[in-house]
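Construct the entire structure; sequences and hints are all you get.
Number of protein chains: 2
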Amino acid sequence: MNQYIKADPWSIIEEGFSAENQRSSESLFSLGNGKMGQRANFEEQYTGKTLQGSYIAGIYYPDKTRVGWWKNGYPEYFAKVLNSPNYIGIDVVIDSHMLNLFICNVRAFRRELNMKEGYLLRTFEAELPDGKIVRVEAKRLLSIVDTECAAISYSIEAVNFSGTISLLPYIDGAVVNQDSNYDEAFWNVLRMDVHSNEATLLAQTKKLDFQVAFSMRTKVSLDGKLCEDIRPELMKKEAWVGNRMKVQVEQGQTLTIEKYIGVCSSLNYSAETLCAESLKQAKKAEEKGIEKMLTEQASAWAAKWKQSDIQIEGDVAAQQAIRFNIFQLNQTYTGEDARLNVGPKGFTGEKYGGTTYWDTEAYCIPFFLMTAPKDVTRQLLIYRYKHLERAIENAGKLGFTDGAALYPMVTINGEECHNEWEITFEEIHRNGAIAFAIHNYIRHTLDYNYLDQYGLEVLIGIARFWAQRITFSTEKKKYVMLGVTGPNEYENNVNNNWYTSRLACWCMSYANECIGIVKTNTPAAWSRIKAKVNFDEEHEPTKWRTIVENMYYPYNEELGIFLQQDGYMDKEQTLVADLPHSQRPINQHWSWDRILRSCFIKQADTLQGIYLFENEFDTDTIARHFDFYEPRTVHESSLSPCVHSILASRLGRKDKAYEMYLRTSRLDLDDYNNEVGEGCHITSMAGTWMSIVEGFGGKRVYEGRLYLNPIIPEQWQSYTFRITFRGHDIVVTTTQTHTTITQYGNGELQLSIYGKEVIINSGEELKVDNISNR
Amino acid sequence: MNQYIKADPWSIIEEGFSAENQRSSESLFSLGNGKMGQRANFEEQYTGKTLQGSYIAGIYYPDKTRVGWWKNGYPEYFAKVLNSPNYIGIDVVIDSHMLNLFICNVRAFRRELNMKEGYLLRTFEAELPDGKIVRVEAKRLLSIVDTECAAISYSIEAVNFSGTISLLPYIDGAVVNQDSNYDEAFWNVLRMDVHSNEATLLAQTKKLDFQVAFSMRTKVSLDGKLCEDIRPELMKKEAWVGNRMKVQVEQGQTLTIEKYIGVCSSLNYSAETLCAESLKQAKKAEEKGIEKMLTEQASAWAAKWKQSDIQIEGDVAAQQAIRFNIFQLNQTYTGEDARLNVGPKGFTGEKYGGTTYWDTEAYCIPFFLMTAPKDVTRQLLIYRYKHLERAIENAGKLGFTDGAALYPMVTINGEECHNEWEITFEEIHRNGAIAFAIHNYIRHTLDYNYLDQYGLEVLIGIARFWAQRITFSTEKKKYVMLGVTGPNEYENNVNNNWYTSRLACWCMSYANECIGIVKTNTPAAWSRIKAKVNFDEEHEPTKWRTIVENMYYPYNEELGIFLQQDGYMDKEQTLVADLPHSQRPINQHWSWDRILRSCFIKQADTLQGIYLFENEFDTDTIARHFDFYEPRTVHESSLSPCVHSILASRLGRKDKAYEMYLRTSRLDLDDYNNEVGEGCHITSMAGTWMSIVEGFGGKRVYEGRLYLNPIIPEQWQSYTFRITFRGHDIVVTTTQTHTTITQYGNGELQLSIYGKEVIINSGEELKVDNISNR
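Note that the protein sequences, when read in sequence, are chains A and B.
First residue of the first sequence? That's 952 in the working numbering, and the numbers climb one at a time after it.
First residue of the second sequence? That's 952 in the working numbering, and the numbers climb one at a time after it.
Fair warning: there could be bad hints in the mix.
Same chains, same label: a pair holds when it works inside one copy or across any pair of copies.
[What the hints assert, rightly or not] List of simulated lysine-lysine pairs, BS3-like, C-alpha gap at most 25 angstroms:
no., residue 1, residue 2
1, K1015, K1302
2, K1015, K1483
3, K1718, K1494
4, K1022, K1000
5, K1170, K1607
6, K1607, K1257
7, K1157, K1302
What the hints contain is simulated information worked out from the structure, not anything from laboratory work.
So this is what it looks like as structure tokens:
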């Protein structure tokens, strides 16, 4: 843990400069707008420990994988979203000294990520080695209105001297990925243009030849008066282009440079026009000016907040945390482009390559589904539909046939591209999460049209995979699933992982159910799909049903619980409470061998399964499982605590739910796992949101009905969330005594609150007393 | 399969040149002398597909490992014995054309590895692009008498022309390992000297700074007459040094160059003297001359053959094969240097890095134990003793304490350095093989002194490891061993692998037994060891016994067999016989995922265990296991068929035993697994030898008694082997009707033949009739 962020309801704030925290802060204060993202690197030179990172969504590189000895079925490459040319850079030289916070004496350092309005502000006073003192204010935004534009305002006050200040705004194409497997550079710079107050750099990725143009326009003023007489020196170095401007500054004067950036990629433009387009964007930003951009940014964020904000009264740390999570999610994905998705680190770091995991379906989709227009989620589903052919190829590589689809664990274009054999190889449960997301989407939106157009084909491909992957044990006289890795990645290649088996069977049942729906409601669509996927109506549904009815699940009679996998009870049963603090997190202190042998659970996948299918279990059963698995879970996956928080809420265990909520919501802000410097856990942030809405709020959807069962942690005065459901917007506020529900939408909404059916008309507010124990 | 080697009892012969077979032949015709080895690369230039390979024993490089994402306990590096500077090269230019068999028209090509006398001979006629024809004879040896010397005689006859022939003998330091993980060069050349008919190159490995000096002396003659008037051009290029000699040759004349090589490494000399020493060796060879070197080589090999040869009458393919295996083993390891060991590919290729695996203990030691002076095996055991501290450190890295030792799966200096996570990581059974080898050594030699001096410490460290690695299952109320990989590498991370569990328990029992022996026989030694290893005499032996007595072994009542691991019977039970030929070997056709899920076995480790502890099982039990596991075994490990051959012999199933014998003995010669181009399977060659001696010959040692139970395949007229046992040399000849046994040694020898106790005096021959069915 590392707690240095100041509590504030709307901002992330750091006070006082610490080189040790710099990498962490670079992650935490990241900006993004769905199309690009930028770590909170400094504009001026910084020679301390840093992870320089700018990312353009969808621009990736198929890096060579690293593996000792190759085996059939291993991915050909590890795709990674690239660290792109650095467009924020402004070197500052005061007389002969380069401004560099690693070297200077830094005072009054303050950094603020203003989440309400969507900008980053940094102020500090720096004393240079020669005793000169400057006061700096740097503000920047990545516009969510003009998504190809960024702007920086950078002011330097000469506190105790008069002298020459040189400003060098630049674009630097000589960037590398720190996680490059073979220390290669991934970009070639194709073209650089430079004029007064203007530069453009065109870079192309190796192998796949994506092109991105970066343009900057700059404007320098002294004490607010434009310096029109500066003749910038036009500079070009290898893969670097910029201006150098020298200004004589008198003591007390403030020199300001505004830098307007345009970024355009070949995903959206033809290559020939890229430089012109990016310059156009930079000029557009310049004409608007940073003040207007900030105003527009604030309104645009206000709209997002209206839809997705959660207010917590009486607990500023919890309030800050949930807003941080919502802010980062909305910075990462906007649903405007079905080619994009949500990487586990979003735009805040290199790890996981910016590629798509099951996190999207299992965590992010519930968030976007209830806080954004339904098309946002639909785009995420279509992303997978577009990869169906590749998923069938992927299954084919592993030996599956006849249209069986295995979606990749890690992908950017539909091909499997993971880089971690021991865990990922058998983590086939992701296939289930993708099917479940379709179900989730439909139950929230009633958009059955999606099934006809896209979803059913995906469901059939997935069901076919499971039907082949599950085999019959003549010994057990049951169907079994051998050799899998569940979401609990601290087990590898186990037999009969309950979560995977249960989810697989659900997939086959749901595919059968959806075939029935499409057949009945839209027979023409069914005929088309049936022919397209060459469906054997006589045998396939029966086979799926037979497997579902005869599936083996490991179960312990004595404990009355499903076992995580065969043989789990053979392990030495120790509890997390007995682990010395010095050995945690175990993945940083124990050998992989020891972790695999231990009973400790990274994230409890049995509980994850119970979360998905909670309506099938009574409260006692849920409690038995929770009480068995939670004390064995080390929560070393960021995806873990939220599920435990939700189930603890379900069981009315407020303290545990709150503890887990803090852990998930402040995972990055308080750096629970000593790794935030690598980037934030963007996808698990959606789990934080779920901890409130589905956890404390007790929101569920079963059989077409919305359920709410709010409880409230004792530490809070109230909390309020807003969700969309089948065309209705529902605002729920829970205090220590009562809950009020308001709905906005077309006509009345029937829902269940604390087990009681109620009907709420549009605009109406319903107030009910809390039921303290569920 | 690829069968192109001509049958011959004493030679490996290839007739007719095929560029497709070149890499395979380079492996098969390799030379070695225990200190260095050389693939059968051509002396002259060759631009076809080739794997250039010279290896100096013990000179290795800690290559960076390749792994997607690092985990605690992974090795820091992958050690590999390096491809060393090329010292055999002699470029030949005829007028303006470079002699290059990939380009020339090649006729009458013949290559012979003369195993009886230990040299390589190659003859061919080549027509150059301009129509000139040369007839070449190239002969070379790596001396087993002067182990730092090699010699080449290379003759060129001008068949249909008169012209200029240029000879360029050289030493080339610009070599790479094709298996370098990051395409790095591993050598720096420190120094090059060149004089007339002489050159020296001193190279140093990166990181570890091993130095090796290579010197050459050359001698050129025309039609047998020394060309004393040649003034060689002295040449130095980057990392390359040589002479160029132009000779005018008339039609019909034969130009011959002799190249004498000295190779000295910093393993054996101080760095400053290396160049002088290697030149001394080259000069020594030159003075001796290649003819005398060949004569000495033949006598030295005759001595080796006397001890280790197996004669097979009536089956030349089988005869050739067994000699090939024995020859390669004796080329690879001589027992002169306890720092060396036997890599799976010996000196014939790069794969497996030339490092030490459990192959040494499980396969090579039985061979050397019975065909070489006992000190040869003792050296191999001391190699592990010297690594004991490292094995304790290695176990420590994985979380084991209190002197528990886990020997590495792959090592060159005692540290774990494997490069293949999926398989090797949990293959802890190697620890058992190392203990068993000590037992094997002692039962064959009665050298109990070894226990006092070295062995017992190793046994205690290993027993301690097992006692910690095995845990108690409160569910099974038995001890279990979770998360291991057995010798059958087509399963990964399984629970209760029978082989590993059985062997582990044996280790603990044997350690207890040996403690008793040392305590009784040499109490002073026991006191010393006890103090040194801090042995808890009160608890440790008891704990070991308790585990042994309460160990859980997976067993199937219905079939009456031990199961390879928990859950094996849950797999779809198909047989190898049902696999289409087109899908074999499955490791070249199936995904790793499919292999792991299938019931197919790379090598049957349950049978391996039964082989080790055969005396504990009656014939019916052995038969039940064999009949269950053999049909499921694909033998895609070179270590597999020999064990099946031995057990088939044990069961009197001659046809199966013979089939498996051919498979193991001609694995490389007939290239069963399409991979001999990478190198020969040196360690498994010892298994071939075991298939005859322990298989057909039925040789066993139990309770201090030697047992023989010979059977003979119908295809053979007779076979003869010679083994050493407790100071006796025993020669056994079996024909279709009877077996004769002769022993040479100190006094009489009591043994059991076909279950009958007999006593044979030294020099006496015993003749018994065969018992057709055991």
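For each hint, the structure was consulted:
In this assembly of identical chains, the alpha carbons of K1015 and K1302 lie at most 25 angstroms apart whether taken from the same copy (15 angstroms) or from different copies (21 angstroms). Taking the shortest Cα distances, K1015 and K1483 never come within 25 angstroms of each other, neither inside one copy (35 angstroms) nor across copies (49 angstroms). For a Cα distance limit of 25 angstroms, the shortest separation of K1718 from K1494 qualifies neither inside one copy, at 49 angstroms, nor across copies, at 67 angstroms. For the identical chains of this complex, K1022 and K1000 are inter-copy neighbours only, at 23 angstroms across copies versus 37 angstroms inside a copy, given an alpha-carbon limit of 25 angstroms.
Neither within a single protomer nor between protomers do K1170 and K1607 lie at most 25 angstroms apart by alpha-carbon distance, with minima of 54 angstroms and 87 angstroms respectively. When the C-alpha separation of K1607 and K1257 is checked against a cutoff of 25 angstroms, the pair qualifies neither within a copy, at 30 angstroms, nor between copies, at 78 angstroms. In the homo-oligomer, the alpha carbons of K1157 and K1302 lie at most 25 angstroms apart inside one protomer (20 angstroms), although the nearest pairing across protomers, at 31 angstroms, exceeds that limit.
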